[in-house]
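Sequence lines, in order, name chains A and B. Here the first sequence stands for residues 214 to 438, numbered as in the numbering used here. Here the second sequence stands for residues 8 to 117, numbered as in the numbering used here.
Keep in mind that the hints were calculated from the coordinates and are not lab data. All values derive from a computational prediction rather than experimental measurement. Beta carbons: idealized from backbone N, C-alpha and C, even for Gly. Mixed in with the good hints there might be a few duds.
As the list claims (entries may be wrong) - Example chain A residues on the side facing chain B (calculated, C-beta under 8 Å, incomplete):
#	residue
1	LEU231
2	ALA247
3	GLY256
4	LYS313
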Amino acid sequence: MDSVALRRGIKDVFPLLLGVLPFALVVGVAASNAGLDLELAIGMSVIVFAGASQLAALELIRTDAPILVVIVTAVIINLRMFMYSASIAPYFRDFAAKWKAGLAYILTDQAYALSIARFETEEEIDRLSYYVGVAVPLWIGWQIMTVAGIVLGARVPDAWGIDFAVPLVFLALLVPAVEDRATMAAALVGGGIAVLGAGLPLNLGLPVGASTGIIAGALAERVMA
Amino acid sequence: MTTSYGEPILWLTIVVIGLLTFMIRVSFIALFGRLDEVPPRVDTLLRYVPAAVLAGLVFPEFLTFGASGPAIDKIAAGGAAVAIAWRTENVLATLLAGMGTLWVFRFLIL
Numbered sequence: 214m215d216s217v218a219l220r221r222g223i224k225d226v227f228p229l230l231l232g233v234l235p236f237a238l239v240v241g242v243a244a245s246n247a248g249l250d251l252e253l254a255i256g257m258s259v260i261v262f263a264g265a266s267q268l269a270a271l272e273l274i275r276t277d278a279p280i281l282v283v284i285v286t287a288v289i290i291n292l293r294m295f296m297y298s299a300s301i302a303p304y305f306r307d308f309a310a311k312w313k314a315g316l317a318y319i320l321t322d323q324a325y326a327l328s329i330a331r332f333e334t335e336e337e338i339d340r341l342s343y344y345v346g347v348a349v350p351l352w353i354g355w356q357i358m359t360v361a362g363i364v365l366g367a368r369v370p371d372a373w374g375i376d377f378a379v380p381l382v383f384l385a386l387l388v389p390a391v392e393d394r395a396t397m398a399a400a401l402v403g404g405g406i407a408v409l410g411a412g413l414p415l416n417l418g419l420p421v422g423a424s425t426g427i428i429a430g431a432l433a434e435r436v437m438a
Numbered sequence: 008m009t010t011s012y013g014e015p016i017l018w019l020t021i022v023v024i025g026l027l028t029f030m031i032r033v034s035f036i037a038l039f040g041r042l043d044e045v046p047p048r049v050d051t052l053l054r055y056v057p058a059a060v061l062a063g064l065v066f067p068e069f070l071t072f073g074a075s076g077p078a079i080d081k082i083a084a085g086g087a088a089v090a091i092a093w094r095t096e097n098v099l100a101t102l103l104a105g106m107g108t109l110w111v112f113r114f115l116i117l
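One chain only, chain A, in its complex shape (with noise of 0.2 Å):
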């Protein structure tokens, strides 16, 4: 490990933290909420490890949404990670298999974000400790604040209405995710059919929504260009 690369992406990741606590936050009362024990609730922060999943299939959970739609519902908000993998693949070639699998179980968001832009600007960083000190402490903190989620999640009365605290999270990622036409397309067929489809069975409205609207971004962008 080169400890200056280390410490600059624990420096760089510092101000992320902020967004992503308070969401770990959010998951741990998700999980609460919907009847998971503490043991449950750690072992999904720590074996999914992905927060906007994590959410989704809490919500379904609660509701009782068959498991089948569970597992599809949560991966298909995972898919976008093929897309990171892709990206940063390059950047890792020279390592070991062994942390190969290591670095891309820590692969996140804003691990990714914040380490292709230092990747793509300087060349000669230690690649291999920066990015693990940005994605790291993002592990540590997910877990820590998972547990006060459903600390905090369990003792705050009902009427506060807490758990209204997952759209919220969810609205704050939709909006930086809609950045033109086509991705607003994308946003408006899936969340339009997502609502036409709420009283589908078997909670089959979210991912038949985003379906429709992936392809609907897709179809968007080729009629624009």
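Let chain A serve as the given structure and place chain B on it in line with the hints.
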């Protein structure tokens, strides 16, 4: 309401999601050299995953009404959150704006 699923099935669900998610994460990192980049068509689709999925999660929360009609407090809180999210693109600020507005409506106005 909490889930009626038992612990074993929930553990299984978590492990399956975790394994599939790990396979997505490790895919190109492990296969680099044999599979260098996402096929362009797939890449085009992947670009729209976040917007479509997140909207699918968000819209029904604000636009699906219960038997008592639209929930004014949630719609106001959602509006405030959208405004702050747009200006700041910050999760914490969005959460505070949304929950703050919800509480103002619930405890002070309604």
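Each hint tested on the structure:
1. LEU231: holds (5 Å)
2. ALA247: holds (5 Å)
3. GLY256: Since the shortest Cβ distance to chain B is 6 Å, the answer is holds.
4. LYS313: holds (5 Å)
Hint check: no violations occur; every hint is consistent with the structure.
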